[in-house]
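When you get a sec, could you build the whole thing from the sequences and use the hints?
Residue numbers (our numbering), protein chains in the order written: chain G, 146 to 446; chain H, 97 to 443; chain S, 50 to 308.
Quick caveat, the hints were computed from the structure, so don't treat them as lab data.
Since the structure is predicted, the reported quantities are computational estimates derived from the model, not experimental observations.
With a cut-off of at most 30 Å between alpha-carbon atoms, the simulated DSSO-like pairs for lysine-lysine come out as follows:
no.	chain 1	residue 1	chain 2	residue 2
1	G	K253	S	K223
2	S	K93	H	K380
3	G	K350	G	K253
4	H	K139	S	K93
5	H	K380	S	K275
6	G	K391	H	K255
7	S	K275	H	K143
8	S	K55	G	K356
9	G	K253	S	K204
10	S	K223	S	K141
11	S	K204	G	K167
12	H	K380	H	K196
13	H	K139	S	K275
14	H	K212	H	K285
15	G	K334	S	K204
16	S	K93	H	K381
17	G	K286	S	K88
18	S	K93	G	K286
19	H	K381	S	K88
Away from chain G, derived, C-beta distances all over 10 Å, residues of chain S:
no.	residue
20	F78
21	S82
22	L92
23	E97
24	L105
25	V107
26	A109
27	S120
28	A209
29	A210
30	K223
31	V226
32	A299
C-beta: ideal position from N, C-alpha, C; glycine also.
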Amino acid sequence: MGELDSGVGGYFAGMKNNSSFKKICVTVVWSWLFIFAMVPVLLTLITSFLTADSSSLVVFKPTLQNYTQLFNSAYLKILLQSLYLATSCTLLCLIIGYPFAFTIARSKSRHRALLLLLVMIPFWTSSLIRTYAIMALIKAKGILNTVLLAIGLIHHPLSILYSYSAVLLGCVYDLLPFMILPLYGNIEKLNPDLLEAAQDLGAGKIRTMVKVVFPLTMPGIIAGTLLVFLPAMTMFYIPVLLGGAKNLLLGNLIENQFLSANNWPMGAAISMLITVFMGAMILLYWRNAQSKDKQNLQELV
Amino acid sequence: MKIYFKSIIIFCLIYLGSFSAFAKSNVVNIYVWTAYLPTEVAKQFTKETGIRVNVSEYDSNETMYAKLKASSDIGYDIVFPSSYFLRRMRQQNMLHTLDKDKLPNFHYLNPALLNKDFDPKNDYSIPYLASITGIVVNSDSIAPNSVLKWQDLWRKDFKNSLLILDDMREVFSMALLTLGYSINDTDPKHIEEAYLKLKSLLPNTKIFNSDVEQNIYVDEDAVIGMGWNGDINLSQADNPKLKFIYPKEGFVISIDCLAITKKAPHLENAYKFINFLMRPDIAKKISLEIGYPSPNLGAIKLMSKELQENPLFNPNEEILKRGQIQNDVDEVLPLYERYWELLKIGS
Amino acid sequence: MKKFTKQIYPSFVYLFLYLPILIVIIFSFNDASRSLIWKGFTLKWYFELFHDSGMLTVAAHSIIIGILAASLASSIGTITAVSLFRYRFFGKNLLHGLLFVMIVTPEIVIGISLLLLYSATNVPLGFWSLLLAHTTLCIPFAAITVYSRITSLDKSIFEAARDLGASDFVIFSKIIVPLLLPAIVAAWLLSFTLSLDDVITSYFVSGPGFAILPLKVYAMVRLGIKPEINALCTLLLIGTLLLVVAAQVALKKNEKVGE
Chain G
146 MGELDSGVGG
156 YFAGMKNNSS
166 FKKICVTVVW
176 SWLFIFAMVP
186 VLLTLITSFL
196 TADSSSLVVF
206 KPTLQNYTQL
216 FNSAYLKILL
226 QSLYLATSCT
236 LLCLIIGYPF
246 AFTIARSKSR
256 HRALLLLLVM
266 IPFWTSSLIR
276 TYAIMALIKA
286 KGILNTVLLA
296 IGLIHHPLSI
306 LYSYSAVLLG
316 CVYDLLPFMI
326 LPLYGNIEKL
336 NPDLLEAAQD
346 LGAGKIRTMV
356 KVVFPLTMPG
366 IIAGTLLVFL
376 PAMTMFYIPV
386 LLGGAKNLLL
396 GNLIENQFLS
406 ANNWPMGAAI
416 SMLITVFMGA
426 MILLYWRNAQ
436 SKDKQNLQEL
446 V
Chain H
97 MKIYFKSIII
107 FCLIYLGSFS
117 AFAKSNVVNI
127 YVWTAYLPTE
137 VAKQFTKETG
147 IRVNVSEYDS
157 NETMYAKLKA
167 SSDIGYDIVF
177 PSSYFLRRMR
187 QQNMLHTLDK
197 DKLPNFHYLN
207 PALLNKDFDP
217 KNDYSIPYLA
227 SITGIVVNSD
237 SIAPNSVLKW
247 QDLWRKDFKN
257 SLLILDDMRE
267 VFSMALLTLG
277 YSINDTDPKH
287 IEEAYLKLKS
297 LLPNTKIFNS
307 DVEQNIYVDE
317 DAVIGMGWNG
327 DINLSQADNP
337 KLKFIYPKEG
347 FVISIDCLAI
357 TKKAPHLENA
367 YKFINFLMRP
377 DIAKKISLEI
387 GYPSPNLGAI
397 KLMSKELQEN
407 PLFNPNEEIL
417 KRGQIQNDVD
427 EVLPLYERYW
437 ELLKIGS
Chain S
50 MKKFTKQIYP
60 SFVYLFLYLP
70 ILIVIIFSFN
80 DASRSLIWKG
90 FTLKWYFELF
100 HDSGMLTVAA
110 HSIIIGILAA
120 SLASSIGTIT
130 AVSLFRYRFF
140 GKNLLHGLLF
150 VMIVTPEIVI
160 GISLLLLYSA
170 TNVPLGFWSL
180 LLAHTTLCIP
190 FAAITVYSRI
200 TSLDKSIFEA
210 ARDLGASDFV
220 IFSKIIVPLL
230 LPAIVAAWLL
240 SFTLSLDDVI
250 TSYFVSGPGF
260 AILPLKVYAM
270 VRLGIKPEIN
280 ALCTLLLIGT
290 LLLVVAAQVA
300 LKKNEKVGE
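Pasting the structure below:
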């Protein structure tokens with residue numbers, strides 16, 4: 146987010162600005178996030194370098210062991226599985242969510258709020274309850290199989306529940322609004338004249354989409370991708386309930402370390418490692434995007 | 097719009113103000129397994145004594161322990177640890193030493209379930225309910241007589257069909273029993289053997305679950321596997337085809353206990369509540385509603401003859417003798433944990 | 050083709066979103082306590098729900114926490130986004146990083162570290178600890194949602210306003226907020242949803258006296274689904290839908306008066 150817009154930020158920052166409003170804003174934001182986000186993160190970081198102890202959970206004995214233990218093939222396998230799930234989930238959410246957000250954002254303005262609200266209302270019911278509803282839908286003797294068997298489309302019940310597809314379905318269902326909302330917020334402000342102009346200039350529909358709309362809504366796509374991908378990396382009850390707890394993901398690993406194994410330093414270390422890993426990936430992406438931006442700019446000039 | 101919003105916030109604040117005044121009154125704070133204390137019982141206690149019962153719930157010993165460890169003066173008076181956790185909490189000085197004079201109903205308890213290794217003189221714990229882990233089969237799909245021992249779960253024809261409890265100690269106990277060892281074994285060699293034994297069970301495993309195992313059996317998403325007697329006892333109302341088997345090699349008996357926390361803010365009320373739970377009519381109500389065998393002989397006497405003789409609900413002494421009481425494995429726990437994680441990753 | 054994109058496709062997505070909800074409603078009338086297979090019609094779960102007065106209090110607690118946390122988080126999220134976009138200040142990049150770290154940190158880690166923080170500073174566990182935790186949890190989501198819109202605003206507006214002598218506060222309240230409103234609303238909705246649904250963090254930062262719905266629900270479904278909970282969800286859903294309809298009607302009336 147930051148690096149991408151440093152040009153713009155620089156433009157504003159160039160102006161001397163020391164209004165009291167700025168001071169208040171920055172103080173509120175900083176103090177809140179310092180106390181409730183920074184301190185816990187630091188606590189986690191420190192814990193990840195300490196030693197686990199069976200009677201007092203954590204003892205103050207600095208060690209790197211929590212990290213060195215993580216470098217083995219078993220954990221790598223889990224990391225890859227989680228990455229795979231999070232990527233497929235994000236892609237599916239984007240594919241389903243983009244056209245949807247686009248249509249809502251382009252509908253009559255007095256309908257938009259209602260349509261958006263209708264997206265969110267299902268999610269005000271606990272996600273666990275909804276997960277159980279999905280189970281009722283896809284279980285061996287569930288609704289889907291009953292209907293399909295009754296109309297003769299299949300002859301043996303499908304076993305979807307307790308499989309990888311069930312986990313993916315659950316993740317997509319649970320995270321879809323986190324894709325739709327940022328997309329909507331971004332697409333909504335697209336100037337319709339711009340699209341018309343592009344088409345008037347002879348650009349086809351698909352061309353308009355690819356060359357004009359996508360680049361313009363990129364911030365929304367990035368925001369949505371972040372909000373879906375990051376939580377998807379550490380999901381934990383969906384694999385348990387829909388996958389039968391057979392395909393462990395990073396989230397389960399961390400949960401196990403904190404709760405069953407009572408090994409807080411190890412759990413903290415895994416969590417820190419994910420953070421660093423994801424941070425590196427995002428940074429790489431930004432660097433790439435930035436250099437591409439510059440290229441485009443140069444081409445234009 | 098703005099006015100609406102302001103009034104909502106003001107309403108919220110007033111509401112909360114009235115709430116916090118309410119919270120200071122005469123209460124007892126219970127921290128209990130999910131759905132493990134019938135609401136009726138709590139209500140009756142309030143009616144009889146005027147003491148309000150605040151119930152918070154947890155879903156595993158580990159989560160309860162983690163929360164108490166992170167914040168010991170959290171305000172809970174009574175917790176319900178299982179036998180093997182009770183020992184750990186007792187050794188770590190997290191529990192209050194019970195004064196039996198304040199618990200006159202203590203004499204109703206079944207001596208067969210008292211003074212066990214995890215708490216030799218019951219100085220810290222009162223048995224609440226006992227649970228037994230056995231084999232569950234759906235008699236429609238599998239003849240119950242064909243499955244008599246844990247070893248049968250390894251049969252080739254059960255490929256990808258077992259429900260295995262998502263509970264480390266239970267699963268290792270099963271393997272240790274088939275190998276002829278104690279369920280509380282601390283010999284690293286035996287534990288490794290058990291791990292290898294369990295690894296060979298993975299192809300047969302369909303689901304790991306310990307939260308809604310009764311739903312899975314009732315809806316026949318799995319037709320054979322591990323289960324707890326109380327859950328199956330209640331589930332038979334929804335699916336009479338379910339059968340519970342006490343395996344030949346032996347089985348785990350876990351006693352869920354009542355204990356008072358070290359820093360309990362409402363000590364007297366906590367004693368009153370525990371004594372209330374040991375009253376035969378109340379203990380009977382609890383056992384019937386939760387479905388697990390009661391350690392309270394007074395309560396069993398009040399039950400119908402049919403229930404008294406139901407081996408699933410009231411296992412007689414002969415059955416109890418074949419079981420082993422779950423205890424803490426202390427310093428080898430991390431070893432168990434490591435093998436358990438490997439097992440789950442390997443699946 | 051046009052009809053497909055305009056109507057049929059969104060309807061499918063709505064169907065996808067509402068199908069599980071529909072199932073919840075159907076099963077609130079199911080005459081079985083431990084099964085997700087239809088066994089027969091009953092109203093008994095609704096009666097049980099009304100006997101259990103605690104349940105309704107718990108639902109009220111959750112809605113209050115949700116409204117307050119969402120309002121706080123969307124306000125702080127908005128000023129975070131605006132500050133990040135407009136100002137240069139100490140630790141700006143760190144703040145960026147922090148927002149991202151908070152999203153990627155598993156809830157259980159946030160929950161436990163907040164619990165440690167609370168117990169170190171003697172904050173009693175209950176309403177305040179929950180509100181603070183929920184707000185914190187929602188801020189990054191709100192900030193990112195708002196930020197994704199702010200970056201594409203036409204910057205010349207601010208310049209013009211500044212040239213006309215508008216103070217920062219005026220620019221913020223009269224220009225930025227109205228322009229960002231759709232994103233702020235989206236952020237509020239996201240935050241409210243997160244707060245209503247948060248189990249893991251809430252588990253650690255809640256105390257004995259103040260129960261909230263997600264935990265109650267979690268507790269009830271962990272040991273088999275009690276259809277009572279389906280009944281409660283159905284009622285809450287109907288309540289929400291009624292509110293939405295009422296709001297729509299009120300809006301329409303306003304429009305007419307305006308005409």
